[in-house]
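From first to last, the protein sequence lines stand for chains F and B.
FYI, the numbering for the first sequence is 1 to 380, going by this note's numbering.
FYI, the numbering for the second sequence is 1 to 271, going by this note's numbering.
Derived from the structure by calculation, the hints contain no laboratory data.
Here the structure is a predicted model, which means the values were calculated and not measured.
One or more of the hints may lead you astray.
[Said to hold, decoys possible] The list that follows gives simulated cross-link-like pairs (lysine-lysine, DSSO-like), each with its CA atoms no further than 30 Å apart:
{"no.": "1", "chain 1": "F", "residue 1": "61", "chain 2": "B", "residue 2": "100"}
{"no.": "2", "chain 1": "B", "residue 1": "76", "chain 2": "B", "residue 2": "100"}
{"no.": "3", "chain 1": "B", "residue 1": "76", "chain 2": "F", "residue 2": "109"}
{"no.": "4", "chain 1": "F", "residue 1": "61", "chain 2": "F", "residue 2": "132"}
{"no.": "5", "chain 1": "B", "residue 1": "186", "chain 2": "F", "residue 2": "106"}
[Stated by the list, open to error] Now the in silico label distances, taken between C-beta atoms and shown as ranges:
{"no.": "6", "chain 1": "F", "residue 1": "40", "chain 2": "B", "residue 2": "107", "range": "44 to 52 Å"}
{"no.": "7", "chain 1": "B", "residue 1": "107", "chain 2": "F", "residue 2": "373", "range": "48 to 56 Å"}
{"no.": "8", "chain 1": "B", "residue 1": "59", "chain 2": "F", "residue 2": "130", "range": "47 to 55 Å"}
{"no.": "9", "chain 1": "F", "residue 1": "70", "chain 2": "B", "residue 2": "107", "range": "28 to 36 Å"}
{"no.": "10", "chain 1": "F", "residue 1": "40", "chain 2": "B", "residue 2": "15", "range": "31 to 39 Å"}
{"no.": "11", "chain 1": "F", "residue 1": "153", "chain 2": "B", "residue 2": "189", "range": "49 to 57 Å"}
{"no.": "12", "chain 1": "F", "residue 1": "16", "chain 2": "B", "residue 2": "131", "range": "18 to 26 Å"}
{"no.": "13", "chain 1": "B", "residue 1": "180", "chain 2": "F", "residue 2": "70", "range": "15 to 23 Å"}
{"no.": "14", "chain 1": "F", "residue 1": "70", "chain 2": "B", "residue 2": "148", "range": "42 to 50 Å"}
{"no.": "15", "chain 1": "F", "residue 1": "121", "chain 2": "B", "residue 2": "189", "range": "50 to 58 Å"}
{"no.": "16", "chain 1": "B", "residue 1": "260", "chain 2": "F", "residue 2": "180", "range": "39 to 47 Å"}
{"no.": "17", "chain 1": "B", "residue 1": "102", "chain 2": "F", "residue 2": "39", "range": "57 to 65 Å"}
Glycine is no exception: its CB is placed at the ideal position from the N, C-alpha and C atoms.
If you want the building blocks of each chain, they are given just below.
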Amino acid sequence: MSDVVIQLDHVQKSFGDFVAVEQADFGIQQGEFFAMLGPSGCGKTTTLKMIAGFEQPTSGKVLLNGVDVSRVPPYKRNVNTVFQQYALFPHMTVVDNVRFGPKSKKVPKSEYEPNVAQMLEVVRLSEFADRKPTQLSGGQQQRVALARALVNFPSALLLDEPLAALDLKLREAMQFELKRIQREVGITFVFVTHDQGEALTMSDRIAVMSDGRVEQIGTPEEIYNSPATLFVAGFIGSANLLPGEVAGTDGDDTVVTLTAGPTVRARTDIIRRVGDPVSVMLRPERLTATAEARADGRSIEGTVSDVVFQGATARIVVHLADDSEVIASVITGTDLPFLHPGSSVHLSWDPGSAYMLAGWPRRPGATASDIDTLEELADS
Amino acid sequence: MSAPSSRGGRVARFALNAYAGLALLYLFVPIVWIVVFSFNKPKGNYNVAWQQFTLENWKNPFSDESLTNAFVESLKIAAISTVIATVLGSMIAIALARYKFRGSGGLNFFLVLPLTTPEIVLGSSLATLFLDWNVTRGFTTVVIAHIMFQVSFVALTVRARVRGFDWTLEQAAQDLGATPVRTFWKVTFPLILPGILAAALLSFALSLDDFIITLFNAGSLVTFPLYINGSFRVKFPPEVNVLASAILFVSVALMLMGTLWGARGRRKSTA
C-alpha cells in the first residue's frame, strides 16, 4: 500500500539470549494515531527505538516510506521523537530548542523561521519563546518537545510514554491536546504507553504487546470487544473469563459448556471444533443482574459475595459454581433491592455481548487485581 | 535554629564557635601574613620583620629580573600543560562516563594512581627515565611532567561533572538531525563546559605551585616555586609576596565569579 509510512518487516530484536521483540510485522498508515500498548518489558519501547534508529533490529527490516532504514543512523531518518523526560536542551531558550532541528539539517533561516513561529503557535507557547526550559511547567516542557519535533515535518512523530511524567489532571488535558495537535498538523503519531485508558482514548489503532510479541492490532473497539487473546482480554479493561468447552454452534453463535455449569452462547471470530478448550469473556458493564435465568442461554447463576455501591452503578462480586468469582457492574435502583451478600442471582447479557476466545485463563473469573480492588472498597 | 536555652548548651555553643574561629585563624594567618608583608619595606635582604608600610613593591613587582623570569616561565608552563591536560583529561572523562568498555576499570585505577603516589616518587622516577633516555631536562620535560599529573586531576574533576549528564540529550540532538560532531559541540560540550573550566583552573594552579616534581625535572630551568626556594638562602625580596598575593587575588576573583555565575544560573532556572 502506498500510504504506509512505517513498515516493520519480520523485525526481531535480541539482547544476548533475551528476545525483546519477536517477529514484529505490521504497517502504520499515513496520518494515523497509532499506539503501542503493553506492560513494561513487553518490547514496545524497543520497537519505537528501532523506528527512531537508536536500536538496530537483529533481523528483519524497518521501512520508512518504503525505504529500508534498518542501518540508517537516527540523524538521517525523517522521524522525530518526543522523549519521556522531554530531553529539552537546558542551555537553550525554547525557540532555540525548536530551531535546533532545521538548523542541524541546514535548512535556510528564511525557510524555517516561519515554521518555528507556526509550531510555537500550534503548541500555544509563542509568548514563552525566550524562556529557558527549566522555567516552564511539565506540561509546557512537553509542548516544547512536541514543537521541536514537529517543526521538522517528520514522516512520523514517535512519542515515548509522553504523558507518564505529568500528573493525572494534566495528563487528561494533554490527551486532548495531543489529539488536537495531531489533527492540526496531520502527521502520523506513534506513541508508546502502558496505560490502556490513554491508548483507548487517543488512538485510531492499537498494537497490544506482551513479552516481545504483538498480540493484536486493531481499533480500540475491536480490541475491547473482540480481543484476539486472553492476554488482550485481561489487559484492556475489566474482563470475566469463564473457561469451558465448545459444544456446537447455533447460527452465528458458538455454544459453550462452561466449567461453572451452564451452557451459554457466545459470539466469536475464531474457528473451534467441538471439545476444544475455550473461554467466554463477559465485560462487567455488559452484565445485568436478574432474579430469573434467561431462556436463550445468555445467563449464569451465582451467589452474591460483595456489593460495592458507586452511585449510579454498583459493582457486585458473584461466586459461581466452580468457585470462580465474576464482577458485574449493575445499575442501582432497579437491581439493587435483592442484591445483598448471600443472595442468589442470575447474571445475564444481550446477544453479541459474550465473546469466545481460544484457551483457558490461568485464573477463571475476574482478574485477581480487579477482585482485590473491589474487596478493598467493600471493606472500607 | 532556636537558641539553646540551657546553660550547658550555651557553653557548648561558645566552645564550638571558638574552635571554629581558631581553625579559620590557623588556615588564614599564613595567607594574611604573605599579603601584609607585600606592603613592607624590609631592611636588608630578608622580608621577615615589619619595618614600615610602602606601596613601592606593588608599583614595581617585576623589578627583580630573575624572579620575573621564573614567574613568566611558570605561567608559560602552566598555560601549555593545562591546555594539553584539559583536552586529554576531558576526553578520558567523557569516554569513561559515556561508554562501558573493556578495561575501563583498569583505566580508573591508573587515573587515581598519580594522585596517590608520593610526588617524590613520581618526580624522581620521571627524572630517571629522562636520564636513561638522554633527554636534556628543561622546559619541555617540566611541561611533560606537569601534564602527567594534571591529566588525572582533570579527568576525575570532569568525570564528576559528566556523571550526572543526561545522555538522552545526545539522542535528542541526533534525533533532530544533528551529526555526532554537531551533537558534541552544540549540546554535550556547552553543558559540561563549567566542569572543564573548573578542572582547567585547578590544574593551572597545580602546575603553578608544583615544587617537588618540577625540581627533579627542571634541569637548569628556574620556575617560580624553585626561585623562591633558592632565593630563600640569600634573600627574600618583597616582590615574592607581591606576586604570591597577586596569584591569590586572581584565584579568589575567579572563584567569586564562578560562584556568582552559578548563583545567577540557579536563580534564573527557578524563576
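Checked hints:
Annotation: proposed proximity of residue 61 of chain F to residue 100 of chain B holds, straight-line Cα distance about 28 Å (limit 30 Å). With a C-alpha separation of about 37 Å, the suggested pair residue 76 of chain B and residue 100 of chain B falls outside the 30 Å cut-off, and the hint is violated. With a C-alpha separation of about 43 Å, the suggested pairing of residue 76 of chain B with residue 109 of chain F is violated against the 30 Å cut-off. Distance restraint check for residue 61 of chain F and residue 132 of chain F: the Cα-Cα separation of roughly 39 Å exceeds the 30 Å cut-off, and the hinted pair is therefore not satisfied.
Only pairs whose Cα atoms come within 30 Å are accepted, and residue 186 of chain B paired with residue 106 of chain F is accepted, the gap being roughly 14 Å. Between residue 40 of chain F and residue 107 of chain B the beta carbons are some 34 Å apart, a value that contradicts the proposed interval 44 to 52 Å. Here the CB-CB span from residue 107 of chain B to residue 373 of chain F is close to 52 Å, well matched to the stated 48 to 56 Å. The hinted window of 47 to 55 Å between residue 59 of chain B and residue 130 of chain F holds, with their beta carbons roughly 48 Å apart.
At roughly 34 Å, the beta carbons of residue 70 of chain F and residue 107 of chain B sit within the given window of 28 to 36 Å. In this structure the hint that residue 40 of chain F and residue 15 of chain B lie 31 to 39 Å apart at CB is violated, the actual value being about 56 Å. A beta carbon spacing of about 29 Å between residue 153 of chain F and residue 189 of chain B contradicts the range 49 to 57 Å that was offered as a hint. Here the CB-CB span from residue 16 of chain F to residue 131 of chain B is close to 52 Å, at odds with the stated 18 to 26 Å.
The beta-carbon spacing between residue 180 of chain B and residue 70 of chain F, approximately 19 Å, falls within the hinted interval of 15 to 23 Å. At about 46 Å, the CB distance of residue 70 of chain F to residue 148 of chain B agrees with the hint of 42 to 50 Å. Between residue 121 of chain F and residue 189 of chain B the C-beta distance comes to about 32 Å, which lies outside the given range of 50 to 58 Å. Taking 39 to 47 Å as the suggested C-beta distance range, the pair residue 260 of chain B and residue 180 of chain F conforms, at roughly 44 Å.
Taken as a hint, the range 57 to 65 Å is violated for the pair residue 102 of chain B and residue 39 of chain F, whose Cβ atoms sit roughly 35 Å apart.
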